[in-house]
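Chemist: As a plain string of letters, each chain reads:
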Amino acid sequence: MSQAALQKLKERFPDAVTETYAGKGGDDVALVKKEAIAEVCRFLKEDPEMLFDMAPYITAADYMGSEPRFDVVYQMYSTKKNHRIRLRVGVPESDPVLASVTPIWKGANWYERYCWDMYGIRFEGHPDPRRLYMYEEFVGHPLRKDYSLRGRQPLVPERTVDEPFRGPGPTGG
Amino acid sequence: MAKESDNLLVVPPVPAESPLDAPFPSKRMLVNLGPSHPAMHGTVRAVVELDGETIHGMKLDIGFLHRGFEKTCENVTWTQVFPYTDRLNYVSSIMNNVGYAMAVEKLCGLQIPERAQYLRVITSELHRMCDHFTLVSAMGLELGAMTVLIYGMEARDLIWDRLTELCGARLTSNYARVGGVSRDVPEGWGEKVERTLDRAAEMADEIDRLLTRNRIVIDRTRGTGVISRADAIDYGFTGPCLRASGEPYDVRKASPYLVYDRLDFDVPVGTNGDNFDRYLMRMEELKQSDRIVRQCFAQMQPGAIASDDPRFVLPPKPEVYGTIEGAMAHFKIIMEGIKVPAGEAYAYVEAANGELGFYAVSDGGGRPYKLGVRAPGWNMLMALPQIMEGHMLADLIPTFDTVNMIGGEVEQ
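Residue numbers (my numbering), protein chains in the order written: chain A, 404 to 576; chain B, 1476 to 1887.
It cannot be assumed that every hint is accurate.
Unchecked claim - Derived DSSO-like pairs (lysine-lysine); straight-line CA-CA distance at most 30 Å:
1) K427(A) x K437(A)
2) K436(A) x K1546(B)
3) K1814(B) x K548(A)
4) K509(A) x K1534(B)
5) K1728(B) x K427(A)
6) K411(A) x K1728(B)
7) K1728(B) x K448(A)
Said to hold, decoys possible - Between beta-carbon pairs, the in silico distance windows are:
8) N1507(B) x E561(A): 17 to 27 Å
9) E561(A) x M1810(B): 40 to 50 Å
10) A1802(B) x G554(A): 37 to 47 Å
11) M1810(B) x G554(A): 20 to 30 Å
12) K1546(B) x E422(A): 26 to 36 Å
Because the hints were derived from the structure by calculation, they are not lab data.
Quick reminder that beta carbons are idealized off the backbone N, C-alpha and C, glycines included.
Could you put together the complete structure from these sequences and hints?
Modeler: Okay, here's the thing in structure tokens:
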């Protein structure tokens, strides 16, 4: 974890970084505004003092009842500098759209698909914005806190699709 | 003169009359590998676009093994999560237990006794050996060397026998607890483990002699499934797969946890990033894990195996049965779960395949509010289409082996 990297980030983006704090067990955390996430991530990857070159672990959390409702969390690591920080981005329920960081790190691809699948947070500019685990006809986003534990999913009618990757049916040539 | 030679050059060659020399008309074909296929390790579906035997596009479809790990964990107490973490990487479950326990301890600010730290390291390293034996044997099997599987399984099951004596199960060990480990080693266990390690080292040498200089294995693994150092980092590779590409990142060295800073071991680093290097990383790590376990037995002192903080750890059984305070503390922890202070923490350990991270959020109650898992296999599997682009279908099989994707942790 790196207090210095956090300090530098705060100086470079005084508006986008709303708060920084030392979390439990020495994790260094920055709260970042949703609009600036792509810009902040690009800076973190490319700045010679930051060099967060490894693809971050991205996940989300649903704080239902508070505003903003969702939190997208990026665990950053730099192999060159051996330091870590965590970014937290608040995402409101009314507009759950965020800029994708997959163009910056290829390894962010499936984590963002996971966030869409499980929490319904969309990533703009993602090259392949499908669900990761669930099937396309799945209704709802299972890790949201208001997803019913005892609910049932509707039956999926048999489908004929031309796109062979999607499921059964002829390959379409 | 010059003009004549130019004319000579532009005369097209006479087309070969022999039908053997004619170009074979080829058409792209889509092949569905999996989800239930012996070489697909679990239930991953790969749609491969082939031109002849060359892969021109590949899409992965995962989720057939999705059990809702996170949702389940949000609805059980912090301690009840341990058996679920066993099922993430089921070949080396204790490392999952330890990673999760460390995340909760980070939230609680709990220090664990030294003996418990040593026991966690010993069991983790034994399970790392199991994982690597499994990988190497499976790779041998799928490349046609079934003998390797027999040797590897013998070594792995010997180690699992020792772990069964310790925690009562081969696979679903459920060994770590918040604040320590669940039980101390049985009488004479240390010597038995060292004898087992001797035998396992013999098996590793047999495998080494069978595979490492084997012409077929070298032809099929060297230069196949290559990923460069920059790409590996960009994809978030960790563990042996990253080190095979030349990046010496190992959590045990970069940010030592438990007692790894007191142990003397080396981290092997490769150069080519191909299947052969990834295989060699595993063979060398088997030896290093062996060293670590022996050092731990030499350094470990008798003592407590769990913290005595009554907020997070169950009281000893004589107190539970003999005193009202003990009975009440036991009841509260079992029925309501331990009260983990509100906050979020990310703890990470070096599991057999790389950095295994747990992002835990607590709202101060007895259950996890959120528990995210950074499974190391995720990133490796994600990169597979790029690694395989333009290569032969037959190279997919060893590549799938050496990236060692484990369905349990990737599909959660």
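Chemist: Look at each hint and say if it fits the structure.
Modeler: Against the structure, the hints:
Between K427(A) and K437(A) the alpha-carbon distance is near 23 Å, which keeps this suggested pair within the 30 Å criterion. For the given pair, K436(A) sits about 27 Å from K1546(B) by alpha-carbon distance, which is consistent with the 30 Å threshold. With a C-alpha separation of about 20 Å, the suggested pairing of K1814(B) with K548(A) holds against the 30 Å cut-off. Of the pairs offered as hints, the one joining K509(A) and K1534(B) holds, with about 15 Å between alpha carbons and a cut-off of 30 Å not exceeded.
Distance restraint check for K1728(B) and K427(A): the Cα-Cα separation of roughly 22 Å lies within the 30 Å cut-off, and the hinted pair is therefore satisfied. Using a Cα cut-off of 30 Å, the hinted pair K411(A) and K1728(B) holds, with the two alpha carbons roughly 26 Å apart. Taking the CA atoms of K1728(B) and K448(A), the gap is about 23 Å. The hint holds against a cut of 30 Å. As the Cβ distance of N1507(B) to E561(A) is approximately 18 Å, the hint placing it in 17 to 27 Å holds.
For the pair E561(A) and M1810(B), the supplied restraint of 40 to 50 Å holds, since their beta-carbon distance comes to about 47 Å. Evaluation of the 37 to 47 Å hint for A1802(B) and G554(A) yields a pass: the beta carbon distance comes to about 39 Å. Take M1810(B) and G554(A): their Cβ atoms lie about 27 Å apart, and the range 20 to 30 Å holds. At about 30 Å, the CB distance of K1546(B) to E422(A) agrees with the hint of 26 to 36 Å.
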